[in-house]
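Input sequences plus hints: build the corresponding full structure.
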Amino acid sequence: MADGRAAAPATAGPQPAPLLAIENLAKSFGGVTAVRGCTFTVAEGTVVGLIGPNGAGKSTVVDLVSGFGRPDAGRISFAGREIAGPARWGSRRVKTMRPDRIARLGIIRTFQNPREWPQLTVLQNVLLARCAFGHESLWRTLTRARRIRREEAEDLAVARQILDRYQLGDLADVRAGTLSGGQKRLLEFARIAAAGPRLVILDEPMGGVNPVLGGRIGDAIRQFAADGHTVIVVEHNLPFIERICDEVIVMDVGEVIAQGSFDGLRGNPRVVDAYLGMDLSHG
Amino acid sequence: MMYWVSVVTEAGIFAILALGLDMVWGWCGDFDLAFYGYLALGSYMTMVLTIGKPVPPTQYILGLSLPYPLAVVLADIAVVAFAAIIGAVTLRNLREIYFAVTTLSAVSALYLFVQVYTPLFDGYNGLFGLVNPGQAALNLTYNGYRTFFMAVVLGLLGLAYLLVQRVSGSPFGRMLRAVRDDEQAARAYGRGIFFAKYRAYLFGAALAGLAGGLLAVFISAFNTSAWAPQELLLIYAAILVGGRGNPRGVIIGVFVVYVAFVELTRFLPFGDAMRQILIGLLIILMLRFRPEGIFAERPGGARAGGARAGGARAGRTGNQVGEVADPAAARAAGTKAAGT
Amino acid sequence: MSTFLINVGIGLATAAILALSAVAFTLEYAVSRVANFAHGELLTIGAYAAYSGQAIFHQNIAAAALIAAAAGALAGLGLNAGLIEQFRGRSAITVFIATLGASLVLQNSLLIIYGAANVTYTFSQGSLHHVGPFLWTTSDLRVIGSALLIAGLLYALLQRTRFGKAVRAISEDRALAQVSGIPARRVVMQAWGLAGALAGFAGFALAETIGTFGPSLGFSFLLLTITASVAGGIGRPYATLGGAVVVGLAVELAGAYTSSAYQNVYGFGLLVVLMLALPNGIFVRRSAVAVRA
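Line by line, the protein sequences give chains A, B and C. Note that our numbering has the first sequence beginning at 1, numbered continuously upward. Note that our numbering has the second sequence beginning at 1, numbered continuously upward. Note that our numbering has the third sequence beginning at 1, numbered continuously upward.
Treat the hints loosely; a few may be bogus.
Some but not every residue of chain C turned toward chain B, in silico, with C-beta under 8 Å [stated by the list, open to error]:
#1 Ala-35
#2 Phe-87
#3 Thr-94
#4 Ile-97
#5 Leu-100
#6 Gly-101
#7 Asn-108
#8 Ile-112
#9 Ile-226
#10 Val-265
#11 Phe-268
#12 Val-272
These aren't lab readings, by the way, just hints derived from the structure by calculation. Since this is a predicted model, take the numbers as computed values, not measurements. Glycine included, each C-beta is placed from N, C-alpha and C at the ideal position.
Following this line, the structure appears as structure tokens:
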């Protein structure tokens, strides 16, 4: 927050279009409304926290943005493209892009539990995340296997570098399923680094994480931003959010109730209310 | 001696089928009960492309007299085209039991349809007359040709094995494993699940069609008594024994199970029924006590905890059988191929 | 018009048997979360048991029916204890494959015991009766009547008794039911016994209607049973009855108006269509959560 990467100065010229824009998003499950009238934007290159009490709808929003659920209403646009919006002819249904397509557009998300591919090795996990789709053609595999292996060499080198960066280098050939919880979290970051998406959405990355690892995760997130990626972090750990986020969006009962800097939230009565007097005054 | 040539030939043909089926089950995790239909179609198509015009009252479609190798290739293309339709419809949304039951229904319907609608492949009677194609041209005796044919089958099996190994050590194979391990995570990283499985499915069907073409010569005839959908269970049992997703294991599994069964049931009363009972028991016992297969290579570097981790993930993907070709093979391929 | 209704009548008779088989199948699914591929064999065992029983009880249809049900119940219990419970905790598809193996074992065991050739009961079908616009044989009437009676008893059992409540609780959440004091294993066992009895009786009724049968009797009826269960909505016994009626009628009418040789083809085709288009069953409101991937 103090590093001058806060929101663009108010007196600057026209702001660049937000990377992600969500408009009136709504979603219900059975009779329960999880998200309603949710609207917010995320600017490129920022780290945005998405916080709120349990049941506020944060994870649902993550699912909807990443294509793992279909909104009942609303619009989502990413990098100028509409990834969810009313179907043609103003019908009431919302058409949405498939999650794998959204991922290819540049949104990578994590899940609340680390979801590595357990039967693959750590190195294979990272290689796969590099998303070198061209190598995965079956026809070329059957006819030009050797050429593919050569082409993979470069990806291999980069993958090893990434593993070293996250101190997973020695575990490269170990089955990912056998890693410890903390190692799996780091592997997730390694995979994201390998994928290099424009937007990263982290769903509770600090779940069950010890403070030392938490520090490394925080650094990794700031590094993503420094490298030009945009990050949305869903979290309950408020000191963590305060430390790493440029901006915070607060949700409660399915709606956005505040968006702005963390400091600004303390004085916001709705936010305080939502958290039922939780102590927001951490440093 | 010729007895063994016959046994080995048939086992080899079923091994090719098994490699194809393993693509779908071992690699993609889909329990397809329609697969025998692809073999059957391959046989039928090969026959109607080689045995010439039908002599009434026999009836069947086409009825060309193409050279056998060409006929097999064309038949295989027809099989892949058919699989393209079935796969497009079933792989999109169906998983697990739904997929299994739907494919079983489809192939049962097809089975009955072929039986009843005679203009297609002459119904119950089936087709016959594909006897040792090219025997005269190659100047072989009957037994000589059968031995030659066995060599051809084994050669094609070797080729199929090579191709499957290529897939195994490739980025495509890696992606299939990831999809099987955790579909949602694969989606989160931009992999289209249907597209991945579909390609593997067509590749598997191509192998099944090839096996069908070879089987047509082996039996020199083909009718519906040769291909009840339950025949597929022997192959599944063999894959279970050999280890899903493990090409070498699958081949060994087929040979062991097939030869063992042929030998065992030769001397038993009610041979055929006993065979089915043994297959059923084998499936149950393997699933219960050794789901990863007898010949499955154990993970080298990683602890056997890999199998447990695989089990722990069962809840997510439903793929419990803690199987697969594994790091040992991957690393072996890796040292040759700079790590996949 | 009258032939149409006659065909409807035949369809209803088929539907009655189908309903019993499908309800049993659904019950097995409800308590054990397993699609029991060996379910057809429970029917076949019932049919053969009645056949063996004929040697003792001759023309006594009630005795035959009871024997069939008893045999089915024993088979159901055995299947549950020997197989289903052994695979508890494994994935659904794994158990499914295991039941496939069991189907092979049971079917072929019957083949060895009774021979591959078809056998016949010697009960008389009875005369034809006009019931309104329908034309039914005495045996048809017995089947429909007993199906209705059993459906009613089943309703009472599931809704009014402790056993029924326990079954419903277990079908929602076995662990939770157990924690609340329900002896889950025992109730599951009893449910399988009940399902087996239903299936055994259905097998007898089916064999009696067809007249002559072989070891694959139940197996060939299995896909139709699954179709009816899926049409009704898997795991919902009452809707399953509706599903059975729909499927029974559809298959019968389709076969009557084109060629009866294709009847089973239509059955299988119907299942494929249902799986693809309406996996939650026909009678479902749109808000239901999707069952498949």
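Going down the list of hints, with the structure as the test:
1. Checking Ala-35 (chain C) against chain B by beta carbon gives a least distance of about 5 Å; that is within 8 Å, so the hint holds.
2. The restraint placing Phe-87 (chain C) at the interface with chain B holds, with a minimum CB-CB distance near 7 Å, inside the 8 Å limit.
3. Taken as an interface hint, Thr-94 (chain C) checks out: its beta carbon lies about 5 Å from the nearest beta carbon of chain B, inside 8 Å.
4. Interface hint at Ile-97 (chain C): satisfied, since its Cβ lies 6 Å from the closest Cβ of chain B, which is below the 8 Å cut-off.
5. Taken as an interface hint, Leu-100 (chain C) checks out: its beta carbon lies about 7 Å from the nearest beta carbon of chain B, inside 8 Å.
6. The criterion of a C-beta within 8 Å of any C-beta in chain B is met by Gly-101 (chain C), whose closest approach is roughly 4 Å, and the hint holds.
7. For Asn-108 (chain C), the suggested interface contact is upheld, since its CB lies about 4 Å from the closest CB of chain B, less than 8 Å.
8. At a threshold of 8 Å, the smallest CB-CB gap from Ile-112 (chain C) to chain B is about 5 Å, leaving the interface hint in force.
9. At a threshold of 8 Å, the smallest CB-CB gap from Ile-226 (chain C) to chain B is about 6 Å, leaving the interface hint in force.
10. Because the beta carbon of Val-265 (chain C) sits about 5 Å from the nearest beta carbon in chain B, less than 8 Å, this interface hint is met.
11. This hint holds: Phe-268 (chain C) has a C-beta 4 Å from the nearest C-beta of chain B, less than the 8 Å allowed.
12. Among the interface hints, the one on Val-272 (chain C) holds; its C-beta lies about 5 Å from the nearest C-beta in chain B, closer than the 8 Å criterion.
Violated hints for the displayed structure: none, as all numbered hints are satisfied.
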